[in-house]
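Chain B: place on chain A using the hints.
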Amino acid sequence: MPRASLIGSRIRERRILKEIRQTDLAKSVGISPAYLNLIEHNRRRIGGKLLLDIAEVLQVELALLSEGAEAAVLSALQKASADQPGINVEVERLEEFAGRFPGWAQLVAHQDGEIENLKNAVEVLNDRLSHDPFLAAALHEVISTVSSIRSSASILVESDDIEKEWRDRFHRNIFEDSGRLADTSESLVGYLDPAQDESVSQDTPLDNLEKLLADQDFFVQKIESKAQVDAAHFSKDGSDKAPSLDQPETDQFLMRHRSIVETIPSKLLEQAETQTDDPAEMATICQVSIPDIFHRLAFRPVQSGNAQYGYLSSDMAGAFLSKRSVEGFSLPRLGVGCTLWPMYTALAQPNVPVVEIIKQAGRGAEPMMAYAIAVPETPQSFSQKPRYVAHMLLKQIVSSDADPKLVGVNCRICPIEKCSARREASILSNGF
Amino acid sequence: MGNSVLLIEDEPNIIEAISFILSRDGWTVHSHSNGADASDEVLRRMPDVVVLDVMLPGKTGFEVLQEIRANVETAKIPVLMLTARGQSKDREKAESFGANMYMTKPFSNSEVLEKIKALVA
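Residue numbers (the working numbering), protein chains in the order written: chain A, 1 to 432; chain B, 433 to 553.
Just so you know, nobody snuck in bad clues.
One-sided excerpt, in silico: chain A residues whose CB lies under 10 Å from chain B:
id	residue
1	H140
2	S144
3	T145
4	V146
5	R150
6	E158
7	S159
8	W166
9	R169
10	N173
11	I174
Label-pair distances were calculated between CB atoms; the ranges are:
id	chain 1	residue 1	chain 2	residue 2	range
12	A	E377	B	M478	45 to 55 Å
13	B	N503	A	R423	19 to 29 Å
14	B	N503	A	V142	31 to 41 Å
Hints are computed from structural coordinates only; laboratory data are not their basis.
Note that beta-carbon positions come from the ideal geometry of N, C-alpha and C, so glycine has one too.
Isolated chain A, as found in the complex (with noise of 0.2 Å):
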């Protein structure tokens, strides 16, 4: 039912909130009682000086009868009910309920989305732990060092006859476990407690960068305006809250960087862009290579009316090596992407481009025109065989007549059942 159809539904609820009498109300604005309930079943139009009339009886805004509950939290609405496909949700009666309850309303609304941050949270938390390197040696450690001790430990309390030689021998040995065992502790809190050492970032040296550019909205003004630009530019911005800086991997990504932009300044760029909106033409316009036109793309100033475009690179292992996140598309924090995206399809076959249209599985992912072309980083040799780099350009796309390719963020945490690309189980489904 249309929105404002649905007045007379709000009047007959804020009447009985406010607790008066449908009679009192209509002799009040100098109707009948029959009329009034005919508009409060919305049997009849109401507007005008009529409408005023109750608003300022039942002492409401006019504005909360004649519109109702406001959009956000319907739009928040239609997302929760979206969000439970099991459950039967009246979706017509959506507005009917936030009109009648806007306080439940915004609690429905307000909780769906502090689900989703908490789904959110879990998913990072469980990526982090399940790719953890660190954390999976850690505790490999200390099990096999505790399994050492007890060992050690029960033989000198079990064996009255042991000789000196070895209840020395496994004396020692329990000294130098419980030493590990202590280092490898100190070192487990550490990690995962960053308060007690505030120094130790948990990011990657990638993450870091990212988050750094992603504070200058993926723009570097200086490099645009020709000056020289190095780590020192990141870290010097006053912010104790900085995250720590990789000074190689930064200077390595501002080199290139400053290469590119030198290559294609910004008026060069715009006017391939008017041309044609095909990563490849554009590259051919600007006469550079598809890998730094994506770059220029991905890593260039946030206005209005250029298209988002995320940005990934990787090498053959497929370790990212770049990367600029976009809405609609989440990346892993650790460990190696979904071997569907279409960058990995190019490293199977180097300098040939491929593009398709791509959704990641899962809440909130939006569809993805992904352009991607894996080329040698090495210069052509006789005497070395080249490695290949991949790079993936993402553009936010609207709407598309083709059906999306779905693929995931990585295995650990993809929804996908029976997907033959999987690697591991997932932890939001039953596995292979």
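Same frame as chain A, but now just chain B:
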């Protein structure tokens, strides 16, 4: 008893403790600490029982177990898997690859001894 055990484990103090317990019980104990050539060592020693850790440098215990079972000469040697991982899926994996018994760390000495004895009984 004169039976022999090959202990494939990369933690030297665990090797020492288990070796001590088994030696005192009359077993001949050999140890090996690398997964990469562990199955060759099994073939060379032909022990009565193999105690095999899962987390090894070079190759995992599961891979070593598969190699032991794939070789007709070593295929029937009883294997006790010893690992820091206590997850049921690891136990299932070990059993599916042909482990005769499975123990998780930290273990008790008496339990290790009992299981090894049971494997040759």
